[in-house]
Amino acid sequence: MSNRILIVEDEVDIGKLLVMQVESMGSTVDHVKSGEEALSLLNRQTYDLIILDWMLPGMSGVEIAQLVRRMDSLSHMAILMVTAKSDPESLIQGLESGADDFLSKPFSVGVLKARIGSLLRRVSRSSQVPHSKDVKDPVDDLKIGPLRVSLKTYKAFLDGEMMNLTPSEFKLLTTMLEYRGRVLTRAKLIEEVQGEGISVIGRTVDTHVFGLRKKLGPHADLIETVRGVGYRVRDDFF
Amino acid sequence: MISFKSVRFLSWSAFRWLFSFYILSLLITGSVLRVFIYKSINLEQPGSRDFLGRLDEFLVYSFWSLGFVAFLFSILFAWLFFSPLGVLIAKAKSIRRGSFSKKDSAVIKESRGEWYQLDLALNKISKDLKQRKADVAKERSELEAVITAANDAILAVDREMSIRYYNAPMAHMFDQKDEGHWGKKLKEVIRNQTVLEAFSNALQNQTPQFIQVSQELAVDSNVHYFQVSVSPFFDEKKSKTRGAVAIFHDITEHKKIEKIRVDFVANASHELKTPLTSIQGFLSVIRDSCVDKKELQESFDIVENNLERLNRLVVDLLELSKIESLENVKREDLNIKDMTETILSDLGQEIRAKGHTISCEYLIEITKTSKELVEHIMINLIENAIKYCPPGSQIKIKWLHDHGFTLLKVKDNGPGIESYHQRRIFERFYRIREGGDPSIGGTGLGLSIVRNSAQRLGGHVDVKSAPGLGSEFICYLPD
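Chains as they are written, first to last, in our numbering: chain A, 1 to 238; chain B, 1 to 479.
Hint data in this document are derived by calculation from the structure and do not stem from the laboratory.
These figures come from a predicted structure and were not determined experimentally.
Derived pair list, reagent style EDC-like, types lysine to aspartate or glutamate, alpha-carbon separation capped at 20 Å:
| id | chain 1 | residue 1 | chain 2 | residue 2 |
| --- | --- | --- | --- | --- |
| 1 | A | K214 | B | E341 |
| 2 | B | K330 | B | E372 |
| 3 | A | K113 | B | E304 |
| 4 | A | K16 | B | E271 |
| 5 | A | K85 | B | E372 |
| 6 | A | K33 | B | E271 |
| 7 | B | K259 | A | D87 |
| 8 | A | K16 | A | E37 |
| 9 | B | K330 | A | E89 |
| 10 | B | K371 | A | E89 |
| 11 | A | K215 | B | E341 |
| 12 | A | K85 | B | E375 |
| 13 | B | K322 | A | D87 |
| 14 | B | K354 | A | D221 |
| 15 | B | K322 | A | E89 |
| 16 | A | K85 | B | E308 |
| 17 | B | K371 | B | D333 |
| 18 | A | K214 | B | E350 |
| 19 | A | K188 | A | E178 |
| 20 | B | K371 | B | D479 |
| 21 | A | K85 | B | E324 |
| 22 | A | K85 | B | D263 |
Computed far set for chain A versus chain B, every beta-carbon distance over 10 Å:
| id | residue |
| --- | --- |
| 23 | H31 |
| 24 | S60 |
| 25 | H76 |
| 26 | L142 |
| 27 | F170 |
Backbone N, C-alpha and C define an ideal beta-carbon position, used for all residues, glycine too.
Next up, chain B with everything else stripped away, as it sits in the complex (with noise of 0.2 Å):
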């Protein structure tokens, strides 16, 4: 089926080959033929002269009839031969515009041999390009509806930190109101200065930077706490930044809950406190006006000693609701020496007691980390070691450094724990009861406490011990 179109085509390219490959071969053919014939007549035969001057005029003349034909076969040719070619070049126009429709698809007979297969060949173009279109449209909205349902602003800029994208969230971000920011330099719309900084630094180190700013809004004019993101993006060979990306997380209302559960702490400290004070104040009171009634002083004994248990666990419970409320884990230079030493010189009076010998080994001097939180470890996994341990055992006390972690180990020769508690003793008020000794005051909280401490951190702590081999419990925290 050739449109109408088609009839119209000439190919002037065919047309020009055609045409000089006629004339070029009735001029060789001419040529030959006239020096062949000179050479057959014997020019001193009277009239040869005559004739020869008749077949050049005869050859100039069919030359020109000739070539005229050689013309009219050479349009007929081309157009004869190399129209589909317009219509595959009007398909393929149309593709390129994307108009091409799936219902004229066969345009070329298939009787016409390659030009049929060009066809088909295109025809496949077509359909595959289609696809890979629909594909790009469908991911393009996918992402689009991602973006714009985010309740993170999401904004991207490029290498030279012109804006080049935007969700609806981020346009509040601004200070004025959504009209078209982009293309606009990230200094001339945003001017929170540590959120140009992560941008610079992403770019320019090609590594995502984490950052916290705080923002007054103009929508509703508070103040909101924002955990920002910022990560470079990269052309094909990954070679060279092309931008950057940055993901602004609105943290405030989880600032606003976490505000009120450190309150809930310091509240809840001083309100369980007070009553236990008045209990055991009084109670000394009773009894020691009880001195000589024998019978009393056992029960005395023992609600004193629940009344001590209790009042520890108060404190441990605080102490972990504080870890994991714990609103900026501050991380600072750290001496692990000096800082080991002194909670060991803390904890002189416990280990003077029960004779253990305690060695420390440093393989590190100093480390990046919070304080307080260290100190929680170190403490309660000492104080454990002091503990559990026969009178007389040996504790060994490791700090050092491997694969980007800081490593505390803390051994010790005693009973050992078995495998099937092993996994569970980090639980809360999770305690080894069979066999052990009831007047070791554990509240069940201190290896909970350890745990939430390192993970605060953002590490980890693991046992390795087997009954009779003593127990090594080993704390990773990532630099």
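For reference, chain A alone in the conformation it holds in the complex (with noise of 0.2 Å):
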């Protein structure tokens, strides 16, 4: 199945740069300038993926962003940010404005690639189950490389050998492995955790993937983190 991405860069170079390897991938790819251009397209046609530069003369990519967002039609399209900045607060902001993923410039192309497919490998993910957030989760198991996780009885197991989670660490497990190939920022990871009986504040949500990591044992690199930011689950690992 071809995907279809739009780029949006204002820099010419750096737009052909991502053209070439979005099509290398075997992807159809539309590159336009400006958010303007951008948002009538995205009226006309349907994309898996937008890569958004964030500083655009006119509308900036966080606006973009915020602005997709809000559109139903549009709630399965992946958004990659594309930034010269590199400060914490900036690609927070970046990623509380919607998109799922950021790449810092100069960025190496093997990256770009990797948090392409990641993000598309989601977005076919949740197309095959169209409305999972509305229907009840019908899947009682996860499975996922050496990893499985049973949501029914809350048990995890990895390489057929359970393992003794938690019940914070296996909320946070499963809130992971919704969320892969997606960066989670530390707020919105608390956000995902916080319920019935499990309580997560501030910075001890990082004692807790602390723990986690060390019971994935060889694994452990499943979360990788993003320094500042949070974490970023990884897909192509499993």
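Reassemble the complex: the two chains are provided individually, in unrelated frames, and hints are given to aid placement.
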């Protein structure tokens, strides 16, 4: 299945680079140079992924992301923000505006492709189960690589062996699996994990992640740290 | 040299004393004489009573005549001996008025003994007084020149917050024209609540206050920014505040420059990274199309490593200039343990990769500081320890409080640093190359970032190390 990707980048050279890489991955690409053009294209055409530059003439990437996230028809589209900013505050702001992941300039082509691949897999997953958010999750068992998670019995198995997880860690693990291929800011992670009998405040989330990583043993790198921002849950890993 | 005025001077007190003394002496002499004669005369002898009657008559007459003589003598003596007193009184008065000049310095002849001494003493007093007056006037005019010439607006109030003094730049800050605000209440003239609060705090707490305010000035109807320091001043015994002095330092220009700098950093960041992105991206495109040419791979590696290094340099340089141009250092309550653990979790991959053991000790829980700057300090210090220590080293992090400073210690048991490097490692781009592993990707800016961050917080950073004995970096952050 060929994916359709929209690239919004005003720098000619970087635009060309992005187009080349995305095309080499076998996707169909449209390239525009401003937010306004992007919005008019989005009205006519559906895309699986939009690669957004933050600093654009006119509308900024963050503004576009916010607009896109408000449109129900585009809820399945993934957003990858490309930016020269590298300070955690800006990155968090970008993620909170609705971006699924970000890429700091200058980026390596390998990482770019990995991020695109990861986001496209997420899109295809969620389109297979179109209304997973509305309907009660029909999946009882999640089986990903060496990891099997039973949502019914609240048990997780790694390489066939049961993992000894605390309730907080179990919730954390399922949340991270749900969000694999995206970046979770600490605030978002706390919000998602928070619930019955589980109270995760402030930085204690790091302690839980630390514990979970330990228990994942050789697969600890499933949870990648994004310095100052939060965690990226890798999905190419499994 | 006795002036004409002194001739007419008669010391009434001297006259009174002299005259009373004479009269008393006459009365006593007369009485003793009378008793003596009465005793030595036989009253039985005829004619004796007659004699005594005449004696009494004689005594009364002689009392009156001698009394008159005593009166004249008293006047004469009072005039003769005390006339210099008049001159000296006149002189003291003229000294007090300040009209005494040096020309008529000696007014009493030397032959007049103590009077002359007194005159000399008066001259000395007069001279000292004049000198002191001149000194005060000089100091005052110097001070006034300084205050008037100062660009800073200066304002002094008394304990009741009435204005005691202000200079010309201060007048510009007031709404109205400069029309004698002396003696007015401060709140009638300045309406800025922050400033008024600073004044009352300075007076009440007896401690200097430092604030920043913005105010539109009537002069150019622009908003100006001021750094204001309000200091109380005390009475002689240093126990009570007598008032407070405020200095308003205009930092508008400074702010403008800062703004330009911050904008520059943001733009430079974007402008430098864009070409780097293109170079790096297209380099991999070329590389991918040359997979079969083995001899080119090494060249690609070298170019890529250097690109990576250039990129890190750009990031660190921008970080450094961002720290330097940080407008306000925001201080907030910071949970030290939470922050440290988060950073350690962020650096988890690097720590695990080298198999280091990290231990933390927290002797304080919370400190009021800037999260951003402290994070820069911690990340760079811990990253250095991770990078420069051989695999499996021990890194100790300790937070404590000592004499008004929050201390962060990062200690390792790595190779240590030679003492002649220690002085310079905080300089930009200073790197210890000899024997170092070239694969350790440092920019030579990490410790500059640490030092600058510490300085922005009013603190400093120190290193204790010896070759083979590990290194300890200690960061002192004032409360």
